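Required output: the full structure, derived from the provided sequences and hints.
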Amino acid sequence: MLFPPDKELLQIIGVTLRMSFFSTVISCLIGLPLGALIGSKSFRGKAFLKKLIHTLMGLPPVVAGLIVYMLFTHYGPFGRLQMLFTVRVMVVAQVLLITPVVIGLSSSFIESASKPVIETARGLGFSGVRTAALCIREGRSSLFSVVLNAFGRSIAEVGAVSIVGGNIQWKTRVMTTAIMLETNKGKFSFALALGIILLLIAFAVNALASFIVKEHADG
Amino acid sequence: MVEIRNLKKRYGERTVLDLPQLTIAQGETVALAGANGSGKTTLLRILAGLIKATAGTVETPEQKLYMPQQAYAFRGDLRRNIQLTRADRAEADRLLQQLGLDHLSEKKATSLSGGELQRLSLCRVLSQDCALLLLDEPTSACDAAGAALVVKAIEAYRAACGCTVVMSTHSPALALHAADRLIVLNGGNVEADGAPEAILANPETQWAKSFTAGWKL
Ligand SMILES: Nc1ncnc2c1ncn2[C@@H]1O[C@H](COP(=O)(O)OP(=O)(O)OP(=O)(O)O)[C@@H](O)[C@H]1O
Ligand SMILES: [Mg+2]
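One line per chain: the protein sequences are A and B, in this order.
With the working numbering, the residue at position 71 of the first sequence is 93, and numbering never jumps.
With the working numbering, the residue at position 154 of the second sequence is 159, and numbering never jumps.
Because the hints were derived from the structure by calculation, they are not lab data.
Please read all numbers here as calculations on a predicted model, not as lab measurements.
For glycine and all other residues, C-beta sits at the position ideal for the given N, C-alpha and C.
Please note that a few of the clues may not be correct.
As the list claims (entries may be wrong) - Pulled from the structure, derived: some chain A residues nowhere near chain B, Cβ distances all over 12 Å:
(1) G80
(2) H96
(3) I140
(4) F148
(5) G208
(6) F210
(7) A231
As the list claims (entries may be wrong) - Residues on chain B that point at chain A, a partial pick, calculated with CB under 7 Å:
(8) Y71
(9) Q75
(10) Y77
(11) T90
(12) L117
(13) G120
Take a look at the structure:
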């Protein structure tokens, strides 16, 4: 089944990558600017906000799945969109899970490493948004690992995506839910093969990322 | 014009700055001196609006620029570091030349020596206009020639835009050569305030004494 890889396997890998890619991109687009803002500003209620984010960072995936399920179920507030059991709603659940992680990690990074950047940029009269953008630019290799972390979580996640995606063959089945299914069926060798492919993908993404970071290390 | 009234800055129980009344006229160049921990950086950062005073009022012009004590090198070469302020290339090159860094303009800023980086940091600040220029020890890492370039650049900038300058320093030479007025801080209080020559000629402050008395550690 693996050599040559059959159509279904390729399709599962495709869905997995598509879902992880969009979840990562969207949660970073939301999370990195917010993390930079929170990390670079001091304001009232910041300590509380950080506690909240840290709590959300530990949000159990099945809980996130349940929340998104209730939002998108037929009678839910977004029921009309008829998105339940699609890859899109899996991305929504993933974004809910990963964004707090991106905000939390990037804000504590910015807070500790960006003091001199902030001091210098504010001294030059730069706006808060511009200062945050500079912090991201200056710390991009560390922030890159935040992005990787987000991708890693997204590709490895199973609880939320199986609830809202439904593990539908040819449609919403991803590597992790397929592994779960094959294990339940007792097809351990196929499950294991899927697991190895998952690891290989994770390794390839990491290798690519560290190559990119090295390229730009002191650019 | 800078107007300070009943200014206090506390960290926990400790008062690190206590200035009942201080006025700096528009166009004045003030040197701020005093021992380590006397409150120079704290005062400059309050004037820059980077930190808030615990009590009191501080009035400053809107347009101000502040150069931190610790110079920072942004990614990229020297020219790009200056152009972060949206200065054009010609202006960046003019400043690099003025501060004796033109031969390094395409080098990475992170590769600069301490004194070079400090001068780059000044270039970056001077690439914009302002009404109040705040410099935290602008010559502390420079050699004599570098310090002279810094003083000249500050004077040329001030002549061009007529701004007020407040700069902290540990160097009596800088106070004498570049400032109309010297304010000496001691433990957060003003210990002396007047013409630099007068304060340095009749040392009554701990700070001035430490120079005239020489090294006695
Ligand atoms: N964030 C802070 N928290 C607590 N204490 C602080 C803080 N920032 C400054 N201080 C204290 O305030 C005092 C004045 O500090 P400041 O940096 O203004 O001194 P300075 O005159 O600039 O000294 P130096 O010549 O070493 O640069 C110091 O004793 C310092 O320990
Ligand atoms: Mg200082």
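Compare the structure with the hints numbered earlier in the document and write down the numbers of the violated ones, lowest to highest. When the structure is compared with the hints, numbers 3, 4, 12, 13 turn out to be violated.
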